[in-house]
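Each protein sequence line maps, in turn, to chains S and G. If you count by our numbering, then the first sequence holds residues 6 to 649, one letter each, in order. If you count by our numbering, then the second sequence holds residues 133 to 232, one letter each, in order.
Since the hints were derived computationally from the structure, they do not count as laboratory data. In this text, a Cβ means the ideal position worked out from N, Cα and C, and glycines have one as well. Hints may contain errors.
Simulated DEER-style distance windows between Cβ atoms [to be verified]:
no., chain 1, residue 1, chain 2, residue 2, range
1, S, Leu-619, G, Ala-203, 31 to 37 Å
2, S, Leu-619, G, Gln-191, 42 to 48 Å
3, S, Thr-609, G, Asn-183, 56 to 62 Å
4, G, Asp-225, S, Gly-639, 21 to 27 Å
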Amino acid sequence: MQEYAVLIPLLPIFGFILTLFLGRKLPGQGSFIPVLAIAGSTIISVGVLLEIYPSGEVIHQSWHWFSLINIGILVDPLAAVMLCMVSFVSLIIHIYSMEYMKGQGERYYAETSLFTAGMLGVVIADNLFLFFLSWELVGLCSYLLIGYWYRKPSAASAAKKAFLVTRVGDVLLLAGIFITYANMIKFAPDSQYPLSLLEIFRHITDIPPLQLTLITLLFLGGAAGKSGQFPLHIWLPDAMEGPTTVSALIHAATMVTAGVYLVARTFPMFLAAPYSLVVVAYLGAFTALIAATMGLVMNDIKRVLAYSTISQLGYMMLALGSGAIIGMAAVGIAMLHLISHAFFKALLFLCSGSVIHATHTNDIRLMGGLLSKMKITGYTMLIGSLALAGIPITSGYYSKDAIIEAALEYGLGSGDLLPYLMGLFTVLLTATYIFRAWFMAFVGKSRLPKGKPHESPWLMTVPLIILAFCSLVFAGAVNSWFGGKIFVEYVGRTFERIAGTDPEVLSAMGGYHLMEVHVEHSFLILPLAFAVVGVLIAAMVYWAKKPDPESIVSPTNPIYRLLITKYYELPIIDFISMRITMGVAILTKVVERIFIDGSIWLITQTGFLLGEILRMAQSGIVRHYATAVALGTGLLIIGLWGWL
Amino acid sequence: MIPVMYVLALAMTVFAIGVFGMVSARSGIRMMMSIELMLNSANINLVAFSNYHDDISGQVFALFSIALAAAEAVVGFAILLMIFRHKGAINVDTINILRW
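Go ahead and model the full structure; you've got the sequences and the hints to work with.
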């Protein structure tokens, strides 16, 4: 299978081209082409993973591209598990879309196929240049698909917002890549491809630590843009204007995790960079907490899930940040939650899509009592909610528990428990907001103004059941039930096979003290307790109605007002964009008009003036010209004479 | 045999007269004549050097040059004729509208 690894991102590209040009003429707008292409990618991905799993080897294929840039693929354990997840979830969602997006145009299938290609490219790229290209490709597809219903003004502006906000992150990432390149040229002049990840890892110790801090913080900025970390999270809730399948594929399972993947991919650089991992941990924990609070009050079912996604991505960042104490195992823990989250969050989104399909509304205040009419959707969504809340035997319990434990080890090891406490409190909020949504949608009396909801067709429910199964068993199966932490150890050892990434050396360079921290077992019950309390709070308020939710949700409640306005997000953005940005724009305009335009005006005016003087010589009288010619020739001859 | 220097001196004198005539002429006819003088001084040079180097090609060039001068005179006088028809005079100082 190894020799076919390069086909993993290429097959969806073929799918994109075929669907775009032939889709209109094929049955079902050619939606089966991307499904087949991505099924091929999935089979190859799984085959490659099974092949390299026993030995833990690394597949690296590289070709010369131009100048100092190569094009190539790198499949190590980290990339292999990610490839399997991306292609598998994408396949499931494509099958679901065959029904959900029926008759909405072949452009949708083409673009999701292109997106999948880009995402697989991000995962498989062996150098930062190709990584960045794929990264931009997924950003473009995200923009196109958020604005898929571009005749709707809110969708068009949400697409623009997503594009512009992620652009901030992309510029930071690009700056980080430039600085990496400059450093590699300077400190590792013998390396053939300075942007190749393997070359960079080999030469990390040659780069000054503070340069690495700068680079990694810029990378983190890029990751924050893509993964919706504070303060660049503002685009993700609006991105829910796109089709629900797009939200499930791009804004829950795959693209938004690209930022986390970036940090995991370049983790050796983070480990060697002073302060960076602490920033990662704090950013993650803070984002997890603040997004969960906002998720509590949203009435649009997809927005609840969007804030939940931001919050869960914060958890993954927190896990990576705790690598400051636990080392490379952090990558394994973050990836475990990434994949388990991809399953249950894609499931939740597809369930919400099924609900929206049936009720034609996004507003959970208008739903209620759907469980009796939509049994499969209701129960699969219950499984997804349990997984998100972190109730045992679901996948989310094992993966989130590992993160909380890692954060606790980080807290005990570094003496800084704040990220752990934020993460722990978020568990409570998570359970509350997701069960609030579930109770409001599926129990109680129906509040639908009109229409009779019914269960969705089998093309939509079968993917739900598959994803529900994965959400139930994934993390437990790979990391707990069969003899210890198989997954975390396998992915955590990713960098052992790559030269120059000895954690001891790197952490000494970054000033982190890696250690084994002993955690009291009684602490480990806390997240579970918090999750159960969260579910109970949601059940009390939104099922038993004690206290009545109406009394809490009122415009006079200052906390509610703070949350429903998303911490006064609009005025703050307005202030930043209208005041600060406009101020800078006016300043630059003045500078440009006076200094740049002025200097050019001066040059032109000098030219005009000289011309005015010189044209006096043009008398129009032939004799003057003849005299000038004669004198000039004479002078030339005399001059030549003297020179010779 | 006349030394070549003498002939060159003659050519130079003729050329100088031509230049002076060219620069000082108001009449178009006189200007044309001055140009002919300058051309012919060059022909004298060609012939003189041809004789000096004992190489016939200089004289051949002189013949070409005379033919060229004839053609040039035709064009020049045609222009002057048109100017005369247009303005009633051939004072070149009056033809000064092609300028800024």
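Verification of the supplied hints:
Look at S:Leu-619 against G:Ala-203: about 35 Å separates their beta carbons, and that is inside 31 to 37 Å. Distance hint check for S:Leu-619 and G:Gln-191: the Cβ-Cβ separation is about 45 Å, which falls inside the suggested range of 42 to 48 Å. Checked against the hint of 56 to 62 Å, the C-beta distance between S:Thr-609 and G:Asn-183 comes to roughly 59 Å, which is consistent with it. For the pair G:Asp-225 and S:Gly-639, the beta carbons lie near 23 Å from each other, so the given range of 21 to 27 Å is met.
The structure fails none of the hints (numbered hints given earlier).
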